[in-house]
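Asks: Single-letter residue listing:
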Amino acid sequence: MALDMETEALLNLGDAEAGPWTAARAAALELSIPAEALPGVIDNIALLKSQTALFVAALGDRAGEPPETFQP
Amino acid sequence: MSFPSVVEIAGEVRAGRVTARSVTEATLSRIQRLDGGINAFTAVTHARALVAADAVDADLAAGRPVGPLAGVPVAVKNLFDIEDLPTLAGSKIRRDAATPSRDATLVRRLTAAGAILVGALNMDEFAYGFVTENAHDGPARNPHDPSRIAGGSSGGSAAAVAAGLVPLTLGSDTNGSIRIPASLCGVFGLKPTYGRLSRQGVFPFVESLDHVGPFARSVEDLALAYDVLQGPDPEGDALCVRAAEPLSGRLEDLAERPLRVGVLGGWFQQGAFPEVLDALGRVADACADAAPVELAGAQAARAAAFCLTAFEGGELHRDDLASRALDYDPAVRDRLLAGALLPKGVHQAARRFRTIFRDEVREAFQRFDILLAPSSVCPAPPIGQATMEMDGVPVSVRKNLGAFTQPISFIGLPVVAAPVSRPGQLPVGVQIIAPPWREDLAFAAALRLQRDGVVAAHPPKGAP
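Going down the list, the protein sequences come from chains A and B. Note that the working numbering has the first sequence beginning at 1, numbered continuously upward. Note that the working numbering has the second sequence beginning at 1001, numbered continuously upward.
Hint data in this document are derived by calculation from the structure and do not stem from the laboratory. There may be inaccurate statements among the hints.
What the hints assert, rightly or not - Now the stretches of chain B that chain A is said to cover, found in silico as 3 or more residues with beta-carbon under 8 angstroms:
(1) 1096 to 1103
(2) 1191 to 1205
(3) 1285 to 1292
(4) 1343 to 1351
(5) 1399 to 1413
Keep in mind the model is a prediction, meaning the values are calculated, not measured. Ideal Cβ placement from N, Cα and C applies to all residues, glycine included.
Use the sequences and the hints to build the structure in full.
Replies: This is how it looks when you write it as structure tokens:
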């Protein structure tokens, strides 16, 4: 099962694309990001993208499956 | 008494050899004298504590029963509701929030057992960090070396116990926030099974991952507190329905039984500092027939926990980020803002991976009763140090101290965080990890290691 388009777009970002993606995503969600916060937010988006890639790769074909209810 | 234990204080008070008031006054005096150098406390509930102590003494004088924590001074991370005190959760934003009309469930359970609440404790803002370098309240300092961090996010909770200001505190653990500061400050901490202890009246961070638990200086003290805190909470969230399974009276027997011990390698040792690996090796050597084990999904589990945290944290804070972003600690703000931008599909995939990794670990527990892993990557770094090296790569301290704790809390397993005995050196801890709802196994292993002198909470050098 495939991932949703928004997650695919995040995972496909190139190194220079995190900034424009962040600005576009914030605008789409109507969330204003203060100028002084923008560099830090972009750094964090790049980190979250790389972390997402790790567990999506581990999920393989199951990446788009709905989650099961969690019990320890 | 110097660095008295919970068991000693309660025993002395119940026997009438000391009064709860005298213990409380001595505690308040010690906090006043010493906390300036530690910065563990953000509020001291002086008047309330003396009233509560007098009530315990009055009960004893009248022959009325008192609880197992009679006269024991306690303090809680400042995300627990305390009646008439703002629940800061380490933030500036909540300084003008309405004060709660009553204590959180776990605070009420402690005080119903006779404990004396003496204050609220420092933490990372909104529990998002492993350092307790709080932008608003200042850093919590490590009692073993005040130039170093106490760890976080429950840094004040660990530092207060390590400095001997109080023998028992409460903290919270979403990704390692009990286990990391327990390790760096050299005290014991319990992160129970997800859903074991009530989160009612606790300011949330990540609903899917938030746990709460105690800190203490011995396994016995931690177990006594755990017994008082357990049990279903009809006023709490739907998770907390498990009947209490008290350890008191059976811990000694449990510690005598053989345990099959697995030592987590792979991800759980990558980038660890030499003294951390040495400490883990000493604990493993003390366990008969400990065998190595690897969890193939650990790195991905850590990554999923990282993203799930950012997403749910961002969602929780969405409105305040939109209206008051500049009132946040910048290091926390930028992480929350990034999380608020994540697509929902990231959260869904992280949750999907959660049950897959849980099942992998369940298989490991077919072969082992407990698993061992380091708690933190390194001993306490200096305050202000932004990066550290893991396997030769510079990484953020704030984001990576919990690399070994995050996969475990991701699947809600119970852990006793135990300080490896290293008197005179910076503390290093291990995670004693048990299957879900089997805190008793982790306690049993911790008690045995404590008896053998392998784990111990030592007072800081030259502690008054």
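Asks: Now tell me, hint by hint, if it's right for this structure.
Replies: For each hint, the structure was consulted:
1. 1096 to 1103: With 0 residues close enough to chain A, the hint is violated.
2. 1191 to 1205: holds (count 3)
3. 1285 to 1292: n = 0 at 8 angstroms, threshold three: violated.
4. 1343 to 1351: holds (count 8)
5. 1399 to 1413: holds (count 4)
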